[in-house]
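Using the sequences and the hints, build the whole thing.
Per the working numbering, the very first residue in the sequence shown carries number 1; after that it's consecutive.
Derived by calculation from the structure, the hints in this document are not laboratory data. Any given hint could turn out to be false.
Below, computed lysine-lysine pairings styled on DSBU-like, alpha-carbon distance capped at 35 Å [what the hints assert, rightly or not]:
no., residue 1, residue 2
1, Lys229, Lys217
2, Lys213, Lys141
3, Lys145, Lys213
4, Lys217, Lys141
5, Lys218, Lys141
6, Lys145, Lys229
7, Lys218, Lys229
8, Lys213, Lys229
9, Lys141, Lys220
10, Lys220, Lys145
11, Lys229, Lys141
12, Lys218, Lys145
13, Lys145, Lys217
The structure presented is a predicted model; accordingly, all values stated were derived computationally and were not measured.
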Amino acid sequence: MIAPARRAGMATGFYLRWALRNLGLRRTRTLLTMAGISVAVAILVGIAGFYRGYRSSLEEGLAGLGFHVLVTAKGCPYEAATLLLQGGEIPMYIDEQVSWEVESHPFVEFVAKFFMQTRPGETGRQHRFYLGVENTFLVMKPWLKFQRGGWFSGGDADETVLGFTAASNLGLDVGDEFRAAEWREPLRVVGIFERSGSQDDGTIFLPLAAAQKRFDKKGKLTGMGVRVKDLDTLGRFVEDMYELPSVQVIATTQIQSTLMRLIDSMRSVMLTIGVCAVAIAAVSLTNTVLMSVFERTREFGILRAMGGGVRQLLAIVMLETGLLTLFGALLGNAALLGLRGAAEWLVRAMLPFAPAGRILRVTALDQTGAVGAAVVLGALCSLVPALRAARIRPVSSLRHGE
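Listed below in structure tokens is the structure:
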């Protein structure tokens with residue numbers, strides 16, 4: 001006599017083999033349905049990963065700036081802020097004497113003046129990002145560590161410190177000479193930073209006075225990073241700075257809130273697209289299973305005539321649908337991981353001011369949740385076909401197709 005547990009296992013194996021066989025009978029239809037499910041899963045998981053990645057990259061980028069307030073020349077403040085985050089050139093200048101008024105403010109801890117310029121590289125395909133800074137730059141970003149070498153010997157020395165990526169791309173080391181087409185005199189490399197994962201990795205640093213001289217912008221700044229002593233005084237400090245002529249002031253918190261509102265709006269549109277994809281996949285799945293049940297009416301009728309109950313028929317149809325959604329969800333997750341680089345490139349092409357860092361961060365929890373949700377959706381979509389199969393009568397089903 002067969003034990004109940006063994007009998008249950010045999011029955012489960014029988015249902016599983018039958019479900020897999022039925023899925024393989026109509027391979028084209030099965031693959032198309034799985035493709036629809038995989039697309040819906042990839043879209044939803046991608047949206048979750050994009051939102052998390054963009055927020056994290058934005059927060060990391062703003063934290064990597066090292067200051068609370070950005071002071072630049074009059075213009076669009078958010079354009080200036082996003083150019084700074086992206087490592088681009090701010091095409092506006094302020095007089096260096098303005099920094100004296102900012103530094104004398106009682107709420108200010110320190111001011112980091114900088115001068116930014118970009119120039120085409122030797123091949124013309126990549127641009128070089130130059131940043132003229134003072135010693136306060138290291139105070140503003142204490143996490144930057146030297147891999148080798150050290151800081152400038154003077155404020156106007158013909159020297160450069162290279163970010164990790166910049167040194168690698170240029171093939172330079174400490175003691176080498178850095179030559180650029182726009183300058184006659186070379187710069188001597190005195191230091192190379194360790195990898196930081198920020199826009200600083202691709203930056204060519206110069207002493208502030210030397211950068212102003214080489215780009216013929218003596219006494220000019222592209223901006224100032226200001227750190228206040230107490231964040232509670234940040235609002236009052238910003239209000240005071242508005243009284244300065246020819247400058248604009250924006251707090252990093254304002255940058256984050258503004259950009260996140262924009263991304264929230266975009267996420268709503270993307271979620272609408274995702275919901276539409278899920279609805280299409282659900283309709284396609286229901287239609288596929290209904291067609292499968294209709295085509296196997298005689299098969300189900302024979303099973304009923306041989307003693308198969310309603311529960312067995314329901315289990316067969318729901319198991320078949322569950323396997324279909326499970327395989328589709330797994331395929332969608334695999335496709336998203338495989339095409340993550342291309343997807344991130346596409347997002348950056350659509351968002352010209354995307355922050356540095358990885359902006360598509362998919363977690364195992366996202367993928368597991370998507371697989372679980374897909375299986376639940378499959379169970380719901382299988383209810384109508386399963387009930388249709390359970391109502392099949394053996395006698396009438398034998399006449400089906402005659």
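Cross-check of the supplied hints:
1. Lys229 with Lys217: Judged against 35 Å, a Cα distance of about 31 Å means the pair holds.
2. Lys213 with Lys141: It holds: about 25 Å lies between the C-alpha atoms, which stays within 35 Å.
3. Lys145 with Lys213: 27 Å, holds
4. Lys217 with Lys141: 25 Å, holds
5. Lys218 with Lys141: Judged against 35 Å, a Cα distance of about 25 Å means the pair holds.
6. Lys145 with Lys229: Given that 35 Å is the threshold and the Cα spacing comes to 24 Å, the pair holds.
7. Lys218 with Lys229: 30 Å, holds
8. Lys213 with Lys229: Holds, because 32 Å separates the two Cα atoms, which is no more than 35 Å.
9. Lys141 with Lys220: At roughly 23 Å apart (the allowed maximum being 35 Å), lysine 220 and lysine 141 satisfy the hint.
10. Lys220 with Lys145: Answer holds: lysine 220 to lysine 145 is near 28 Å, not above 35 Å.
11. Lys229 with Lys141: 16 Å, holds
12. Lys218 with Lys145: 29 Å, holds
13. Lys145 with Lys217: 29 Å, holds
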